[in-house]
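So you can see what is in the structure, the chains are spelled out below.
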Amino acid sequence: MAATRRPPTLFRNLNAKIAAIPMILTALVVFVGGTAWTVVYSFTNSRLLPREKFVGLDQYERLWSSNKWLISIENLFIYGICSLVLSLVIGFVLAALLDQKIRFENTFRTILLYPFALSFIVTGLVWQWILNPQFGIQAVVRSLGFESFSFDPLYNPDIVIYGILIAGLWQSTGLIMCLMLAGLRGIDEDIWKAARIDGIPMWKTYLFIVIPMMRPVFITTLVIIASGIVRVYDLVVAQTSGGPGISSEVPAKYVYDAMFLSQNLGQGFAGSTMMLLAVIIVIVPWAYLEFGGRKRHV
Amino acid sequence: MSSVLINDLSLSFGEVNVLQNLDLEIGKGEFLVLLGSSGCGKSTLLNCIAGLLDITDGQIFINGRNVTWEQPKDRGIGMVFQSYALYPQMTVEGNLAFGLKNAGLPKDEIAKRIARAAEILHIEPLLKRKPAQLSGGQRQRVAIGRALVRDVDVFLFDEPLSNLDAKLRAELRVEIKRLHQQLENTTMIYVTHDQIEAMTLADRIAIMRGGAIQQLGDPATIYNKPVNKYVAGFIGSPSINFVEGEVHPNGVPYFKAGGFEVPLERYEFAGNGPEGGRASFGIRPEHVFMGRAAEGLPYQAETTVEVIEPMGADTLVWSRLHGHELRFRVDGQTSLSKGEVVPIGFDPARASLFDANTEARL
Amino acid sequence: MSNTGALNIAAAGADAAAQELAGPRGARPKRALSGRNIMIYGTLAVVSLYYLLPLYVMMVTSLKGMPEIRMGNIFAPPMEITFEPWVKAWATACTGLNCEGLSRGFWNSVRITVPSVFLSIAIASINGYALANWRFKGANLFFTILIVGAFIPYQVMLYPLVIILREMGLYGSLTGLVLVHSVFGMPILTLLFRNYFTSVPEELFKAARVDGAGFWGIYFKIMLPMSLPIFVVAMIIQITGIWNDFLFGVVYTKPDLYPMTVQLNNIVNSVQGVKEYNVNMAATIITGLVPLIVYFASGKLFVRGIAAGAVKG
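Residue numbers (my numbering), protein chains in the order written: chain L, 453 to 750; chain F, 56 to 417; chain X, 26 to 338.
By construction, these hints were calculated from the structure, which means they are not laboratory data.
What you are looking at is a predicted structure, and each value in this text was computed from that prediction instead of being measured.
The beta-carbon is built from N, C-alpha and C at its ideal position, and this holds for glycine as well.
Honestly, I wouldn't trust all of these hints.
DSS-like, lysine-lysine: derived pairs with alpha carbons at most 30 Å apart [stated by the list, open to error]: (1) Lys162/F with Lys185/F; (2) Lys113/X with Lys279/X; (3) Lys162/F with Lys656/L; (4) Lys645/L with Lys280/F; (5) Lys656/L with Lys280/F.
Not the full set, but computed from the structure, chain F residues with beta-carbon under 7 Å of chain X [as the list claims (entries may be wrong)]: (6) Asn118; (7) Asn121; (8) Gln126; (9) Tyr354.
Here chain L stands alone, though its shape is the one from the complex:
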């Protein structure tokens, strides 16, 4: 009996390929194509509409000599580092507390996590209200007798970014805590027992045994926080609109304002390319560690 020819490779699993078309399209057109397009056009002098005139690094020179951009980078830096360190520390400590087999664990976790369910706009607005110097914390403490108490970060150009930090931490620490808790729960219970038999006090067990064992969780969490920080936008828009003046600008806002408000597409493209660069600097080493390293072990 003659054997039937196998259908050409293209037609095998045809249905699957058809079903995957949205993913393929998206991956190619939006992610690869869109990114490439923006990067390329950052070398043009597009204003209201994209223009094909290439001007080399002109946009980047203007970007880095713009006060607004420099301030936004500085803010991102401060916000980023503080956010990273503080949310990791606070998140871990909270997770360690919750891991102690306490009662009401679910209640505590529900309370600590609910801010994550809110929009950044909601978070920004409510903290704007709480930090309001006339009616908020400053007013309340003053009314308790501390006449000279001053706490209005949102009106102080030097420390406004910290006001935003407070709100940001409130929103996202719950998430970090959940990730850390999951990591803690993955630690073999016998390790704890062995440490108790050896007589190791609890804080040393955490510091020298458990945390080193949780390195993958820390790294993943770090990457997640970092990629979220670069994008901070809604929070600033809601809490301070970039103010007072331009002292709480962030790169994401700079880009949006340039593209849609000040009709300066070229600047917007340059700004977003810089943001992309920042993300790449964080992601690539991590990806190499995670995935490149594995190949070597095999």
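Chain L is already provided as a structure; the job is to place chains F and X on it using the hints.
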């Protein structure tokens, strides 16, 4: 002075009584095995002795000292876990030294102890490696080493061989036995569900069930004179044969279950001699002989072969005797066929009788 | 070996009797108020207070009349409870363009979220299924691009998408926004579904193929019915993420189609003159209500969703 003394120990979690009024005394240098199936409380008891679990009632003494309220590190014990629980980020040397460093021991003392442990356990070449680079057997030895360097004389083992494959298990079993012989005066309390491990390693075995000790004794006694039906059925592979029937005590006592009648004059009754009533008759497959070997034995009968399970060295035969199922062992070379009627026999002195209600040994 | 044991025990018998009553017995004494407990519960209580504070302030402020607010203490409970700010926030607050309150934004958000959730989950689940069970050349490559793409800041792809939508005639419409949400939801959801479907035993799949079922048949008859939990998780991620979105809403729609979050920001931040704090807070609560309800109703599933979808902006 006993090495470990447990006095009326109980442990409950809320309404659930996990351990009930346990009494146990372990001598110095003894190898005691806590044996039982999962959930019987053996690991729980071990954790209580270690101090990892707080007991609800009772006392624990180690080397004459009341340690009921002491922290694990102050009880003078070392423990080896089923999952080894080695600190993954430290080298073997680091693992051995960590607890000692924490206790503030001087550096040369630490080095001395590590060297001694490494020599005894043959792990000298492994000292600089990390746990991930060791095989299962090597990791287990390092875990034992961690207990050794604590310079204690009570070792607790929580199913240490259960994670290993059968061949490795057999090898390490012997090594543990040799280790016990080498370290004189070291008491070892060993938890397992594997009766082979228990029989080969123990000086005495405590069979546990439902949080209570069923029988405490040396392997031979437990094997030959199980104190209740559960113990009889638990120990021995293949497991013991049971036949339900009655004991007729008057005159020459005998056991009857339908056509199966066994004279009991050679049977050693516990208590005050034979009592009548419903009972279970137990005889181990390896004590039932066939053919020529059965001649001369006090009980003889003919049984019909039903299923034959050749296992290489032996063959297990499933047969039907007066309507009751009877399994017995024959040499692996014997040839038998289904439906064949063969003569068998056994000595009732090697049997065990259990009361049908209390399941206690008669 | 056994002899030493037996001898020692016999001798120990007398000692044991003497030791019977000596020393501590039973459970270790534990004070409920031990230092450790105080520290743990205390810290958690204080932290919980810090977390609940904004919610409390929101509620309290939204129920006060303006005169009471001007008296100053935001932490004080309302002396007179009024729902007027709520009504105002919903129906008459001014967003700078019109004075119709949040109600329009609410319905916009609904009309954005529902189709987006449906579309993005439909696409991603089929994608994940194709990736998990049907290997074809290049599948992994595209998937990797997708995942890498999840890390790229949205700002980088913002304008190209504007151009694409304009060419398709969808710029400024709800449909366009729905498409955008579906596109950006793909990476996380595809990952989620792919991981889930890989954990389904392959035997099930093979048995179905032996029975003659094809790609779509297996999807609808086998995979779908048994993946209810993961669909719920995906829905939770998407409903929360899309409802709370601001950036896409403000870029890809026209003012009368703005979702609730954008309207909220306009109500609060673009009002000149007298700020009605109570209305603002009422509006804030109303906007946050939907995802909060989803959160409280879903409990553990929400946590699972986070673990999977934590790369959300």
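Right, here's what the structure says about each hint:
1. Lys162/F with Lys185/F: holds, 21 Å
2. Lys113/X with Lys279/X: Satisfied, since the Cα-Cα distance of roughly 23 Å is no more than 30 Å.
3. Lys162/F with Lys656/L: holds, 19 Å
4. Lys645/L with Lys280/F: violated, 38 Å
5. Lys656/L with Lys280/F: Roughly 51 Å between the alpha carbons, so the hint for Lys656/L and Lys280/F is violated.
6. Asn118: Violated, because the Cβ-Cβ distance from Asn118/F to chain X comes to roughly 11 Å (cut-off 7 Å).
7. Asn121: Cβ of Asn121/F sits 3 Å from chain X, so the hint holds.
8. Gln126: It is violated, given that the least Cβ distance between Gln126/F and chain X is near 10 Å, above 7 Å.
9. Tyr354: violated, 32 Å
When each numbered hint is compared with the structure, violations occur for hints 4, 5, 6, 8, 9.
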